[in-house]
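Student: Let the hints inform the model, and build the full structure from the sequences given.
Chain order of the listed sequences is P and C. Just so we're aligned, residue 59 is where the first sequence starts under the numbering used here, counting upward by one. Just so we're aligned, residue 572 is where the second sequence starts under the numbering used here, counting upward by one.
Treat the hints with care, as some may be off.
[Claimed, not checked] Which chain C residues stay away from chain P? Per the calculated CB distances, all over 12 Å, these:
1. 585
2. 608
3. 619
4. 629
5. 688
6. 720
7. 725
8. 759
9. 762
10. 821
11. 839
12. 915
13. 945
14. 961
15. 1009
16. 1010
[Unchecked claim] Computed cross-link-like contacts, DSS-like style, restricted to lysine-lysine with a CA-CA straight-line distance of at most 30 Å:
17. P:259 / C:936
18. P:259 / C:943
19. P:205 / C:936
20. C:907 / P:239
21. C:943 / P:131
22. C:936 / P:239
Just so you know, these hints were derived from the structure itself, not from any lab. Ideal placement from N, C-alpha and C gives every residue a C-beta, glycine not left out.
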Amino acid sequence: MQILLIEDDALTADAVTAILAAEGIAVEWAVTAEIGLARTGDTAIDVIVVDWMLPGMSGIDAVARLRRAGIEKPVLMLSALGRAEHRVEGLDGGVDDYLAKPFEPAELVARLRALYRRTTVQARQPVLIHGDIELHVHARTALRAGKHLGLSPKEFELLKYLMENAGEIVTREMLLRNVWKLNFDPQTNIIDVNLVRLRRKLEDGFACCCLETVRGSGYRLTAP
Amino acid sequence: MPTHRFTFASIAVRQALLSTLVTLAAMVFLATAASFAIERSMRADLQRMIDADIDGLAEIMVDGGPAELVRRAIDRTAWRPSAGARAYYGIADANAVRRAGNIGVPRGVDAGRSQVAEISLGDDRVLLRATRLRGGWTLVVGRSLRGIEALQHRLRVDFLGVAVVAVVATLIAGLAVAARLRARVEALSQTFTRFERGDLAARSSIDRGGTAGIDELGQLARHVDEHFDWTQALLIAQREISDNIAHELRTPLVHLDTRLLGALGHNHDDIVAAELHLARSNIRSIVSLFDALLDLTLAETGGPTTDTSSFDLSEIAADLAELYTASAEEAALDFKARITPGVTQRGEAMAMTRLIANLLDNAFKYAPAGSKVQLIVVAGPRIIVEDNGPGIAAADAEHIFLRFRRAAAPDTGHGLGLALVKIIAARHGLSARVEDAGPGARFIIERHDAGTKGSS
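Tutor: Right, here's the structure in full:
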């Protein structure tokens, strides 16, 4: 995976580059939106990471120009503006995901991988299979080793999202936004307890675990 | 904002109708005054004619005696004018025997005092004077009032015609002016509506009165535009300032966090690592507090929500109830949701989601294990979150929605959740209050007028 990073702050750019390099992800850095836009046509670029407040053209304006030009590459906005209102404005403005600074390195990596996968994996498969777990999207049923899992509608959505991102870290914020459609973080541990409940349904009666808690980051559906 | 239809509710239409009524009243007053004046003048003329006639006949009586008087009276009675008032004469001798004329001496009319009277004669009304002549003879001279009545009738018909034309013309002109006025006011009103809904570029494009806006509405439109310019500049400045502060405050914190991350990467001491993690956690707490304060301040200064789209509040509440059910089990709380299906609300769905989530967070945070927590959503809308936990001391109840106020218990949160609840409620035309659930606390979100109307 190759990332185009449009970021005017050198320290942040260095940190992002180092975090992604450790994961084997190549980063090309552009210090302004104008320079970045000139490179977006490069077919080697898989995902664009852009800051909001840039000197000259803002990140949100750059994304608008990108979309007007018909470039549909996934964009992650990495911004110091972290209020819910900014997230909504960013997503409405054409970015695919929004991560506020300061961020957890694992969260950045997880989001980029999720965006990258969206461009490469058939996301609309009627049946998702991960190990012995089967998820029938249209019938809205889930099975493990042929045994029916009695999931609520939200638990079904939760498992579906985890299976679409199987093997990758999925953060709490990603779950809040993509499963519960919330753009704010409730103060209580509701995501954790819902994951515990899902894990119970997934793992009860089976010897091996499949839903791993990645401490301080989120969750990962591992090979059962 | 309600739109004035072209009805009696419109000031302009009322003004047009009032002008028409005033015109009508003026016409009626003018017609009445003219009728009285003409009648008075014509009656005076008739009276003068009668008196002149009496004067002449009295001289004839003196010069020619009763025979001549009778002869002249017969002549005059026979003469019928083609125009003007018909004449009536009556002559009676000293024995009150009628000797000539087409009228007798009416009863009750005192000829000795030359009395004037108005009597009915057949279908005619007659103004007459009876007078005593030499030798005790009585002379009665009268004139028909029909001419005056005919003239008055003609006058009324003519005035009615003029009045109809004047009233219709006034009404048409008034309604035309009202329509133009209404269109200009409507345009101004729509400008406010667009601006309130977030179109900061909205300006009054109304007709400024044709003379560079010197009429009252033109001046008002100019003031409105100037006010909108000013408000737009303030809103943009507010947004830029808050964004810049957020950016400038976060950037050094991001740098600090990056350096702490770098230090963590090079560190092999568990104690140092724990301190570094704690420092990073503190940074997140500062950022989170700062965002919560900004959310609160911007929501507070934002006024009523500009989003008028309708959303299903019941669906939002049901989703949240499902989300929090697992938390309730974990915290050993008996959580129940009683949600009436199909309750809708206009405004910002995400903000109302946050309102309910904050109320549930608050209840879950303070209710000890084993407590009951209930979420109720009914038509109105009325949202209730109640628990049978420790409740809120009466002294704290009135301050509970203020920022940084919280019960002296958990150390989580910034103490801004309930303040945001109150602001979000206010932005949606709802009130937020807390009452004693005996035991526990009951938070109620409902319409401001729900208490007075008994709405649920």
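Student: For each hint given before, does the structure comply? Return the numbers of the non-compliant ones in rising order.
Tutor: Numbers 10, 19, 21 - these are the hints that the structure violates, sorted from lowest upward.
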